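Protein chains in written order, with my numbering: chain A, 1 to 438; chain B, 1 to 438.
If you're looking for bench data, these hints aren't it; they were derived computationally from the structure.
As the structure is a prediction and not an experimental result, all values here were calculated from the model.
Be aware that a few hints might be false.
What the hints assert, rightly or not - Listed next, the in silico DSS-like pairs over lysine-lysine satisfying Cα-Cα at most 27 Å (straight line):
1. B:K119 / B:K30
2. A:K207 / B:K111
3. B:K119 / A:K207
4. B:K94 / B:K43
5. A:K119 / B:K30
6. A:K97 / A:K165
7. B:K30 / B:K111
8. A:K104 / A:K165
9. A:K30 / A:K111
In case you want the letters, here they are:
2 protein chains.
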Amino acid sequence: LDKKQRYNFHNEFTDLHVYEQAEIFTTLDKEQRQRVYQYLTPKELSDTFDAIEDDPEEVVKYFDEMSLKYVAELLDNMYTDNEVDLLGQLDKHKLAKYLGLIDKDKANEIKSLLHYEDKTAGAIMSTDFASIVSSQTVRSAMQVLREEAENAETIYYDYVVNNDKRLLGIVTLRNLLMSDEDALIGDIMTTPVMSVKADDDQEDVAKMIRDYNFLAMPVTNYDEQLIGVITVDDIIDVIDEESAEDYSGLAGVDTEEQTENPFKAASKRLPWLITLLFLGMSTASLVSHFEGLLSEASILAVFISLITGTAGNAGTQSLAVAVRRLAVKDDTEQSVVRLIISEVFTGLVIGVVTGIAVTLIVGIWKDNFVLGMVIGLAMMSAITVANLAGSFIPILMDKIGVDPAVASGPFISTLSDLTSVLIYFSIAQVFLKFFITS
Amino acid sequence: LDKKQRYNFHNEFTDLHVYEQAEIFTTLDKEQRQRVYQYLTPKELSDTFDAIEDDPEEVVKYFDEMSLKYVAELLDNMYTDNEVDLLGQLDKHKLAKYLGLIDKDKANEIKSLLHYEDKTAGAIMSTDFASIVSSQTVRSAMQVLREEAENAETIYYDYVVNNDKRLLGIVTLRNLLMSDEDALIGDIMTTPVMSVKADDDQEDVAKMIRDYNFLAMPVTNYDEQLIGVITVDDIIDVIDEESAEDYSGLAGVDTEEQTENPFKAASKRLPWLITLLFLGMSTASLVSHFEGLLSEASILAVFISLITGTAGNAGTQSLAVAVRRLAVKDDTEQSVVRLIISEVFTGLVIGVVTGIAVTLIVGIWKDNFVLGMVIGLAMMSAITVANLAGSFIPILMDKIGVDPAVASGPFISTLSDLTSVLIYFSIAQVFLKFFITS
């Protein structure tokens with residue numbers, strides 16, 4: 001019975017797409033996983049592991065359930081880039097243990113790959129690539145690709161190197177197919193070829209692959225030697241990751257959090273909220289200074305949330321525009337200044353329009369146009385300042401090397417509460433006798 | 001001289017990558033563009049036009065500068081999917097004019113493609129694909145691909161059809177290279193093959209390509225006939241577009257706006273801000289009802305922005321988590337309810353923690369623990385309600401078929417201002433005599 005069950009499982013599982021295998025594998029319990037380790041060879045399971053997209057920190061835990069030999073063989077059959085992601089999560093002791101078990105050349109390669117900083121081209125590149133030399137004929141290059149086809153991440157973009165492994169050009173498999181079999185690679189290759197350095201930011205690589213519609217990008221060291229390739233599927237993950245970060249940054253919360261446990265979720269969101277709470281307390285203490293004013297004219301309290309709310313909304317819009325502009329454009333000194341000026345003027349225009357609207361509404365509603373004007377003027381100024389903060393702060397953060405996405409919407413709106421309240425009560429104080437007596 | 005200039009420009013321009021050609025072309029002025037039309041053949045310029053990623057509405061304006069014949073030939077050489085993007089922008093009269101000039105078969109194809117709704121698989125698919133039949137040998141299939149290589153969007157993923165054009169399976173060029181030349185396609189193809197329907201949402205296609213790491217996806221009609229392919233480079237644009245939309249939605253502003261003209265920018269942002277201003281006016285009129293309470297205890301005004309601000313921040317976090325969860329997960333009835341419950345409880349936990357913190361801070365600061373408790377209790381309730389709104393509203397929108405991303409951060413925080421103020425003053429009214437007299 002067990003044999004038959006094993007046979008069935010083996011066939012059904014390996015017939016699935018590796019993505020589905022990974023989805024299924026990660027939902028199994030420990031006992032079921034043990035059976036998988038028996039039913040599948042490490043080589044078969046290595047494809048599944050290549051496709052698991054869970055946090056590597058979680059994935060390496062599976063290793064503890066396998067025999068050392070099984071792990072070694074599994075790792076040996078994985079693509080190097082995924083392997084490095086996993087091994088990078090282990091402590092030194094465990095890492096040495098596993099590296100000792102796999103092929104020496106591969107172990108050395110992994111050691112050098114582990115040195116690349118997170119989110120660089122080196123950290124996401126694969127070293128399983130096919131390269132051809134410029135003196136080969138198309139026929140012989142095709143033969144190389146046939147041999148490499150099983151192990152290389154891609155054979156559709158083939159990089160041409162000289163005898164020193166220096167990157168010279170690129171031929172696509174499409175070019176090869178369309179060329180005469182006796183043609184020399186050196187004659188048909190496209191040159192110069194765009195490449196990135198191993199310590200380039202993964203976002204820059206993503207931008208190039210996206211703009212140029214490439215399927216892969218070669219990575220070189222500082223001697224211009226080809227050391228890896230980055231394929232488009234890895235770049236899609238980078239794009240996803242970066243956009244999720246931007247989105248999370250704007251909301252001030254990690255939106256990829258998977259927990260449905262309220263205590264865990266709360267513990268992740270609280271630090272930021274508590275920080276902002278202290279900023280909010282400053283606003284409260286500022287209002288507190290104006291308590292005399294407020295007891296004379298309690299009507300002023302009616303419009304606090306209207307002014308802080310609208311300015312906060314406008315500031316959040318400015319922030320989002322500025323963060324995106326910083327991400328997309330080359331932020332030369334000049335364009336950055338232009339961005340701030342443009343945002344402040346946009347704030348002024350918005351402020352004038354909403355200010356006039358509010359002046360009229362409040363003036364008619366409370367039959368007090370001086371009060372209306374105070375509210376309108378406060379709103380106009382508060383929005384202009386909020387737009388200044390919304391554009392200036394992310395740019396400042398960018399300049400001092402902090403990810404501008406950290407300047408979240410909640411931060412800008414809480415900060416704008418402070419400035420709005422200050423502006424509002426200062427203006428109100430000046431005009432107090434006019435709208436109280438009128 | 002002109003001849004030499006022409007020769008130089010021609011060579012330098014066509015040596016560039018099409019992306020760079022497009023970048024350069026779109027910065028030229030009208031006179032310079034006129035010269036480009038003279039220097040380059042329509043066929044040469046068609047590659048540039050394939051790569052222009054500007055708003056199609058802008059791109060079609062260039063057509064008016066060319067002779068009819070030039071436009072027709074340019075269109076004839078573009079990839080169908082890009083061509084359709086452009087022609088879709090024209091009015092009926094102009095469209096008929098251009099369609100009359102190009103190849104009849106192609107014109108009919110374009111007419112049928114123009115019917116697909118925006119953001120569906122049909123609208124982004126290309127009809128320039130290579131297909132092979134299952135009874136072919138690998139050798140003859142390779143021959144087909146060699147012939148199609150110049151015009152097909154991709155030859156790396158090759159879809160296998162039967163005589164009725166029904167989609168049967170897929171072979172990758174990698175498979176073909178690794179197979180015996182005499183093998184039958186039917187024997188080496190992978191089957192079943194995943195496909196999408198022409199009216200499927202482009203986001204669903206993006207999800208599949210991303211999860212399965214495909215380079216392309218076949219599109220079929222309801223008779224299972226292959227009618228197009230979607231390649232990974234188009235999917236990257238979809239992913240970019242969708243994430244920019246999510247980001248813009250959260251901030252309540254189109255962050256892809258390129259204008260630095262404050263009036264244009266303001267006119268795009270104002271409609272949403274004015275809408276929210278009216279919601280803010282409701283909050284103001286609510287506070288107005290409590291003016292009696294406020295004149296008795298002007299201290300209450302001190303904490304309005306603290307409570308509305310913190311609740312707004314928590315609500316924005318909930319909103320962002322809910323919108324992302326809706327986008328990523330299969331939203332079964334059950335998981336949606338679980339999400340709301342989880343968010344409300346998270347709000348409760350956050351509310352209790354910040355509530356206690358605020359109670360202590362305000363209690364000590366104002367030496368009035370009853371007041372502290374009122375503020376703390378109000379904050380706890382306001383946050384819980386904000387989290388309910390932040391998770392419930394996007395889910396509700398999703399259910400009634402509205403994009404949940406429309407429920408922006410500014411909307412949730414403005415709405416939460418209203419509920420927070422109501423909660424705050426209601427609680428304050430109940431405890432009024434205790435904290436005023438104490």
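The hints, checked one at a time:
1. B:K119 / B:K30: violated (32 Å)
2. A:K207 / B:K111: violated (34 Å)
3. B:K119 / A:K207: holds (23 Å)
4. B:K94 / B:K43: holds (21 Å)
5. A:K119 / B:K30: This hinted pair is violated, its Cα atoms lying about 42 Å apart.
6. A:K97 / A:K165: Not satisfied, since the Cα-Cα distance of roughly 32 Å exceeds 27 Å.
7. B:K30 / B:K111: The hint is violated at about 30 Å.
8. A:K104 / A:K165: Between A:K104 and A:K165 the Cα gap is close to 21 Å, so the pair holds against 27 Å.
9. A:K30 / A:K111: violated (30 Å)
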